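Undergrad: One line per chain: the protein sequences are A and B, in this order. In terms of the working numbering, the first sequence is numbered consecutively and its last residue is 463. In terms of the working numbering, the second sequence is numbered consecutively and its last residue is 271.
Read the hints as simulated data drawn from the structure, not as lab findings. In this text the structure is predicted, and so the values were computed from the model without any measurement. Don't be surprised by glycine CBs; every beta carbon is placed ideally from N, CA and C. Do not rely on the hints blindly, as some may be mistaken.
What the hints assert, rightly or not - Sample of chain B residues facing chain A (criterion: CB under 7 Å; computed from the structure):
id	residue
1	V77
2	I206
3	V208
4	T211
5	G212
What the hints assert, rightly or not - Straight-line C-alpha distance at most 20 Å; calculated EDC-like pairs for lysine to aspartate or glutamate:
id	chain 1	residue 1	chain 2	residue 2
6	B	K127	B	E113
7	A	K140	A	D457
8	A	K353	A	D384
9	A	K207	B	D75
10	A	K140	A	E219
11	B	K47	B	E31
12	A	K67	A	E31
13	B	K32	A	E184
14	A	K189	B	E31
15	A	K224	B	E85
16	A	K160	A	E80
17	B	K18	A	E220
18	A	K353	B	D243
19	A	K402	B	E85
20	A	K454	A	E420
21	A	K461	A	D418
22	A	K454	A	E56
23	A	K412	B	D231
24	A	K46	A	E109
25	B	K32	B	E46
26	B	K18	A	D225
27	A	K81	A	D61
28	A	K353	A	E343
29	B	K18	A	E219
30	A	K402	B	D231
31	B	K198	B	D148
32	B	K172	B	E117
33	A	K141	A	E56
34	A	K207	B	E31
35	A	K201	A	E133
36	A	K140	A	D228
37	A	K207	B	E11
38	B	K47	B	E11
39	B	K112	B	E134
40	B	K112	B	E137
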Amino acid sequence: MLEKVARQAMPCQEPGERARNFSEVALGYDEETALLEASRCLQCKKPLCRQGCPVEVLIPDFIQLIKERDFMGAARKLKEKNNLPAVCGRVCPQESQCESKCIVGKKGEPVGIGRLERFAADYELAHGSVTPEAAAPTGKKVGIIGAGPAGLTCAADLAKLGYSVTVFEALHVAGGVLMYGIPEFRLPKQVVQTEISNLKKLGVEIKTNMVVGKATSVEELMGKDGFDAVFIGTGAGLPYFMNIPGENLLGVYSANEFLTRSNLMKAYQFPEADTPTKVGKRVAVLGAGNVAMDASRTALRLGAEESIIVYRRSREEMPARHEELEHAEEEGVNFQLLTNPVEIIGDENGVVKGMKCLRYELGEPDASGRRSPVPIPGSEFIMDVDTVVVAIGQGPNPLVTKTTPGLELNRKGNIVADPETFATSKPGVFAGGDIVTGAATVILAMGAGKTAAKAIDAYLKNK
Amino acid sequence: MTKGIVLLEVEAPAVAAKALAGQFVIVRANEKAERIPLTVMDFNREKGTITIVVQEVGYSSTIINRLQEGDSFQDFVGPLGLPTEIENYGRVACVAGGLGAAPMYPIARALKEAGNEVVSIIGARNKDLIILTEEMEAVSSKLLISTDDGSAGIKGFAATALAQVLEETGGKIDHVWAIGPMVMMRSIVEFTRPLGIKTLVSMNPIMVDGTGMCGACRISVGGETKFACVDGPEFDGHLVDFDLAMRRLAYFKNEEKRAMARLDCGGGCGC
Ligand SMILES: Cc1cc2nc3c(=O)[nH]c(=O)nc-3n(C[C@H](O)[C@H](O)[C@H](O)COP(=O)(O)OP(=O)(O)OC[C@H]3O[C@@H](n4cnc5c(N)ncnc54)[C@H](O)[C@@H]3O)c2cc1C
Ligand SMILES: Cc1cc2nc3c(=O)[nH]c(=O)nc-3n(C[C@H](O)[C@H](O)[C@H](O)COP(=O)(O)OP(=O)(O)OC[C@H]3O[C@@H](n4cnc5c(N)ncnc54)[C@H](O)[C@@H]3O)c2cc1C
Ligand code: SF4
Ligand code: SF4
Ligand code: FES
Numbered sequence: 001m002l003e004k005v006a007r008q009a010m011p012c013q014e015p016g017e018r019a020r021n022f023s024e025v026a027l028g029y030d031e032e033t034a035l036l037e038a039s040r041c042l043q044c045k046k047p048l049c050r051q052g053c054p055v056e057v058l059i060p061d062f063i064q065l066i067k068e069r070d071f072m073g074a075a076r077k078l079k080e081k082n083n084l085p086a087v088c089g090r091v092c093p094q095e096s097q098c099e100s101k102c103i104v105g106k107k108g109e110p111v112g113i114g115r116l117e118r119f120a121a122d123y124e125l126a127h128g129s130v131t132p133e134a135a136a137p138t139g140k141k142v143g144i145i146g147a148g149p150a151g152l153t154c155a156a157d158l159a160k161l162g163y164s165v166t167v168f169e170a171l172h173v174a175g176g177v178l179m180y181g182i183p184e185f186r187l188p189k190q191v192v193q194t195e196i197s198n199l200k201k202l203g204v205e206i207k208t209n210m211v212v213g214k215a216t217s218v219e220e221l222m223g224k225d226g227f228d229a230v231f232i233g234t235g236a237g238l239p240y241f242m243n244i245p246g247e248n249l250l251g252v253y254s255a256n257e258f259l260t261r262s263n264l265m266k267a268y269q270f271p272e273a274d275t276p277t278k279v280g281k282r283v284a285v286l287g288a289g290n291v292a293m294d295a296s297r298t299a300l301r302l303g304a305e306e307s308i309i310v311y312r313r314s315r316e317e318m319p320a321r322h323e324e325l326e327h328a329e330e331e332g333v334n335f336q337l338l339t340n341p342v343e344i345i346g347d348e349n350g351v352v353k354g355m356k357c358l359r360y361e362l363g364e365p366d367a368s369g370r371r372s373p374v375p376i377p378g379s380e381f382i383m384d385v386d387t388v389v390v391a392i393g394q395g396p397n398p399l400v401t402k403t404t405p406g407l408e409l410n411r412k413g414n415i416v417a418d419p420e421t422f423a424t425s426k427p428g429v430f431a432g433g434d435i436v437t438g439a440a441t442v443i444l445a446m447g448a449g450k451t452a453a454k455a456i457d458a459y460l461k462n463k
Numbered sequence: 001m002t003k004g005i006v007l008l009e010v011e012a013p014a015v016a017a018k019a020l021a022g023q024f025v026i027v028r029a030n031e032k033a034e035r036i037p038l039t040v041m042d043f044n045r046e047k048g049t050i051t052i053v054v055q056e057v058g059y060s061s062t063i064i065n066r067l068q069e070g071d072s073f074q075d076f077v078g079p080l081g082l083p084t085e086i087e088n089y090g091r092v093a094c095v096a097g098g099l100g101a102a103p104m105y106p107i108a109r110a111l112k113e114a115g116n117e118v119v120s121i122i123g124a125r126n127k128d129l130i131i132l133t134e135e136m137e138a139v140s141s142k143l144l145i146s147t148d149d150g151s152a153g154i155k156g157f158a159a160t161a162l163a164q165v166l167e168e169t170g171g172k173i174d175h176v177w178a179i180g181p182m183v184m185m186r187s188i189v190e191f192t193r194p195l196g197i198k199t200l201v202s203m204n205p206i207m208v209d210g211t212g213m214c215g216a217c218r219i220s221v222g223g224e225t226k227f228a229c230v231d232g233p234e235f236d237g238h239l240v241d242f243d244l245a246m247r248r249l250a251y252f253k254n255e256e257k258r259a260m261a262r263l264d265c266g267g268g269c270g271c
């Protein structure tokens with residue numbers, strides 16, 4: 001009988017130290033730890049873990065290669081299914097995906113699939129990269145709108161199939177949320193850019209500073225520009241606000257603005273970088289998803305004395321990845337749960353000086369079985385804050401959808417796409433990622449990009 | 001052009017192919033620079049160029065004004081925002097405050113081409129700050145100049161000149177555009193409000209992405225929150241909350257001073 005190996009912990013920077021710097025929090029496994037963790041995988045004949053992965057990573061196979069110390073081979077195996085393993089290993093909500101299905105997890109803790117994925121991908125990044133080979137050119141052109149995980153994945157897969165692929169990106173860098181949303185301390189921008197340069201090696205052309213819907217349109221791409229098919233992966237980039245009084249006061253940011261200033265424009269290096277941001281002493285972040293965790297932890301790093309998550313429900317309902325929630329708690333983020341703001345209060349200069357909130361309690365279970373929060377009468381109080389970051393979700397940006405006639409949208413403005421092929425109501429136009437599902441996850445967006453690439457290939461072969 | 005204001009013609013074929021009066025671009029001068037919005041002053045579809053006019057007000061605009069011929073921008077994205085709605089309204093007044101003459105120029109030109117009688121006004125603090133008079137003259141049936149100190153044209157604010165136009169035309173102006181500093185736009189809006197003349201203003205809040213992603217540019221119009229970069233930049237001046245807009249514009253003042261200090265001292269001191 002083999003001695004039982006425990007799930008290997010992820011080495012991290014100390015909470016006290018890391019809460020004040022922008023370096024990566026999780027440091028990654030070293031070889032010995034990775035080998036120990038890999039040894040916990042049973043190499044199932046019918047690996048349930050794979051069912052939990054939207055891109056069906058060959059999980060037992062890559063872990064086997066790690067066991068054999070063939071780390072480059074492991075990376076290659078990963079890349080057969082996943083173009084951005086260094087990203088996914090870091091940001092996938094593994095606990096609800098691959099690891100939730102792992103058989104080892106039924107009795108104890110599941111195999112650290114994400115951590116192993118990150119290990120192999122980082123090994124590859126450090127030791128020269130594996131560029132998959134592209135097939136012979138098909139002579140057909142595909143345009144991709146948006147260089148987020150959905151668009152980049154679709155682009156890479158089509159390039160591998162021999163299509164000539166051009167990606168149009170509105171911002172000045174490719175990467176989507178991976179660049180402007182998720183902070184450096186969780187996903188180093190260098191990792192993202194190296195992954196993107198690997199895509200370029202496949203021949204994918206990325207045109208930044210191109211706002212589709214303004215500088216060009218889907219119609220034009222498919223008309224005079226001669227693209228045979230188009231994939232729309234424009235994400236969920238439209239910030240929602242609470243629609244409570246005081247939201248336009250100075251010191252109220254959307255999470256997108258706050259994080260974009262810090263991540264994309266490197267405001268945390270101000271004044272070495274030119275874009276400023278302002279964080280007060282006491283910051284309230286509204287919401288409890290990954291975006292909210294990122295904003296609250298960024299606020300601490302930018303110098304806030306206190307960073308407070310304000311959330312209407314309880315800890316169990318928080319949608320953030322477990323690891324982010326735990327990291328935020330360790331770093332000293334203050335959680336005000338079952339609490340909801342009703343008004344943001346400003347001083348005589350229109351700058352935030354407080355937030356009126358109500359306390360909630362959990363009421364009867366609703367139709368979904370979740371106990372819904374109900375306000376406690378008379379519980380009103382003023383929270384002493386000088387900055388408020390609204391992180392309650394994002395919707396679809398209408399720039400592309402509004403300028404594309406014949407594209408069916410749902411009530412919220414998301415594109416309606418066939419769940420099997422990601423084809424839209426407009427022939428030759430496919431869509432996937434957050435623009436279809438609403439704000440979701442990196443790996444779901446990548447899964448959509450992948451499936452759409454297959455469907456586009458099939459469509460163009462029959463055309 | 002005049003002190004602290006430069007006119008740049010930039011090669012940007014993709015933008016030039018589409019730009020219309022009222023739209024803007026977002027530029028970054030270099031790798032570390034801020035993204036800043038600038039209005040399209042002119043576009044040449046054949047040459048594939050865009051003309052912009054930049055006033056040195058702080059760090060990023062100063063960096064741009066120090067660019068030499070042949071230098072390039074790190075990033076130049078556009079055209080952004082909604083174009084001006086050009087129709088034949090009849091007699092229109094185009095009121096520009098200082099640098100506002102640059103964004104006003106293509107609007108006045110398009111209005112004239114659409115058959116309007118265009119009366120233009122350029123107002124500024126003094127005569128050195130008046131730009132583009134020849135260009136504006138060419139696209140207007142009449143051009144008035146006003147300066148706060150009386151060093152050129154009518155002594156007084158742009159609103160004073162507008163009052164004069166109204167008088168001369170027997171009160172018949174069908175539509176007004178006002179582009180310039182917030183205080184100037186507000187004074188025009190307050191002037192036309194009781195007269196019930198529809199007045200469009202071009203809002204210039206702080207922007208980051210310019211595509212509706214961040215919400216930094218939000219302003220309040222008729223009690224509703226709008227994103228100036230995608231819903232504007234032109235709005236009905238009678239509905240805009242100027243107090244809010246002015247406060248939001250000043251929010252990063254101290255930080256901007258720090259950036260400016262670095263520019264002047266070379267940055268070695270780390271101040
Ligand atoms: C702060 C934050 C933290 C997150 N943390 C996690 C996490 O830990 N784990 C996880 O799995 N998910 C996380 N998510 C969610 C995840 O990032 C998204 O689900 C994912 O990025 C969606 O990918 P996408 O390709 O659909 O869109 P995006 O990543 O949004 O990319 C869309 C791209 O399209 C571009 N674009 C938009 N409009 C146009 C246009 N008109 N023309 C040209 N280009 C355009 C955008 O600029 C952008 O680059 C997080 C999201 C945020 C905001
Ligand atoms: C739609 C739009 C069109 C514009 N068109 C032009 C133009 O054609 N020519 C031109 O010279 N300027 C234009 N501006 C203003 C220009 O963007 C600002 O002058 C510039 O961003 C200032 O950057 P800075 O770093 O030089 O100054 P900063 O040091 O950042 O700021 C100096 C002062 O300028 C003001 N300011 C800061 N950011 C902005 C901003 N985004 N917009 C307006 N004022 C700001 C503030 O009051 C601040 O105190 C436009 C702005 C918008 C939103
Ligand atoms: S891509 Fe994500 S879900 Fe798939 S195996 Fe890797 S960590 Fe798990
Ligand atoms: S289910 Fe768990 S043990 Fe089985 S192959 Fe997958 S990771 Fe290994
Ligand atoms: S500038 Fe970001 S939404 Fe307008």
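Undergrad: Determine for every hint whether it applies to the structure shown.
TA: Hints and how they fare:
For V77/B, the interface hint holds, the least distance from its beta-carbon to any beta-carbon of chain A being 4 Å, beneath 7 Å. Interface restraint check for I206/B: the shortest CB-CB distance to chain A comes to about 10 Å, outside 7 Å, so the restraint is violated. The interface hint given for V208/B holds, since its Cβ lies 6 Å from the closest Cβ of chain A, which is under the 7 Å cut-off. Interface restraint check: T211/B against chain A, minimum CB-CB distance 5 Å, threshold 7 Å, status holds.
For G212/B, the suggested interface contact is upheld, since its CB lies about 5 Å from the closest CB of chain A, less than 7 Å. Straight-line distance between C-alpha atoms of K127/B and E113/B comes to about 29 Å, which puts the hinted pair past the 20 Å bound. Only pairs whose Cα atoms come within 20 Å are accepted, and K140/A paired with D457/A is accepted, the gap being roughly 10 Å. Straight-line distance between C-alpha atoms of K353/A and D384/A comes to about 7 Å, which keeps the hinted pair within the 20 Å bound.
Distance restraint check for K207/A and D75/B: the Cα-Cα separation of roughly 11 Å lies within the 20 Å cut-off, and the hinted pair is therefore satisfied. Using a Cα cut-off of 20 Å, the hinted pair K140/A and E219/A holds, with the two alpha carbons roughly 17 Å apart. Restraint check for K47/B and E31/B: not satisfied, since their Cα atoms lie roughly 27 Å apart, outside the 20 Å limit. The hinted pair formed by K67/A and E31/A meets the criterion: a straight-line CA distance of about 10 Å does not exceed 20 Å.
Under the criterion of a C-alpha separation no larger than 20 Å, the hint pairing K32/B with E184/A is consistent with the structure, at around 16 Å. Distance check on the hinted pair: K189/A and E31/B sit about 15 Å apart at the alpha-carbon level, within 20 Å; holds. A C-alpha spacing of about 27 Å is found between K224/A and E85/B, which places the hinted pair above 20 Å, so the restraint is violated. For the given pair, K160/A sits about 11 Å from E80/A by alpha-carbon distance, which is consistent with the 20 Å threshold.
Note on K18/B and E220/A: the hinted pairing holds, with a Cα-Cα distance of about 12 Å set against a maximum of 20 Å. Distance hint between K353/A and D243/B is fulfilled; the C-alpha atoms sit about 18 Å from each other, no more than 20 Å. Distance restraint check for K402/A and E85/B: the Cα-Cα separation of roughly 18 Å lies within the 20 Å cut-off, and the hinted pair is therefore satisfied. A hinted pair counts as satisfied when its Cα atoms are at most 20 Å apart, and K454/A with E420/A qualifies at roughly 10 Å.
Restraint check for K461/A and D418/A: the C-alpha separation of about 19 Å stays at or below 20 Å, so the hint holds. A hinted pair counts as satisfied when its Cα atoms are at most 20 Å apart, and K454/A with E56/A qualifies at roughly 14 Å. Distance hint between K412/A and D231/B is fulfilled; the C-alpha atoms sit about 18 Å from each other, no more than 20 Å. Only pairs whose Cα atoms come within 20 Å are accepted, and K46/A paired with E109/A is accepted, the gap being roughly 19 Å.
For the proposed pair K32/B and E46/B, the alpha carbon gap of about 32 Å is over 20 Å, so the pair is violated. As the CA atoms of K18/B and D225/A are separated by approximately 15 Å, the hinted pair is consistent with the 20 Å bound. Distance hint between K81/A and D61/A is fulfilled; the C-alpha atoms sit about 12 Å from each other, no more than 20 Å. Taking the CA atoms of K353/A and E343/A, the gap is about 11 Å. The hint holds against a cut of 20 Å.
Among the hinted pairs, K18/B with E219/A is consistent with the structure: their alpha-carbon atoms are about 14 Å apart, no more than 20 Å. A threshold of 20 Å between alpha carbons decides the hint, and for K402/A with D231/B the separation of about 13 Å falls inside it, so the pair holds. Simply put, K198/B and D148/B have alpha-carbon atoms about 25 Å apart, too far for the 20 Å limit, and the pair is violated. Annotation: proposed proximity of K172/B to E117/B holds, straight-line Cα distance about 11 Å (limit 20 Å).
Annotation: proposed proximity of K141/A to E56/A is violated, straight-line Cα distance about 27 Å (limit 20 Å). Among the hinted pairs, K207/A with E31/B is consistent with the structure: their alpha-carbon atoms are about 17 Å apart, no more than 20 Å. Straight-line distance between C-alpha atoms of K201/A and E133/A comes to about 10 Å, which keeps the hinted pair within the 20 Å bound. Distance check on the hinted pair: K140/A and D228/A sit about 6 Å apart at the alpha-carbon level, within 20 Å; holds.
Under the criterion of a C-alpha separation no larger than 20 Å, the hint pairing K207/A with E11/B is consistent with the structure, at around 16 Å. Proximity of K47/B to E11/B is assessed by CA-CA distance (about 8 Å); at most 20 Å being required, the pair is judged to hold. For a cut-off of 20 Å, the pair hint linking K112/B to E134/B stands: about 15 Å separates their Cα positions. Between K112/B and E137/B the alpha-carbon distance is near 11 Å, which keeps this suggested pair within the 20 Å criterion.
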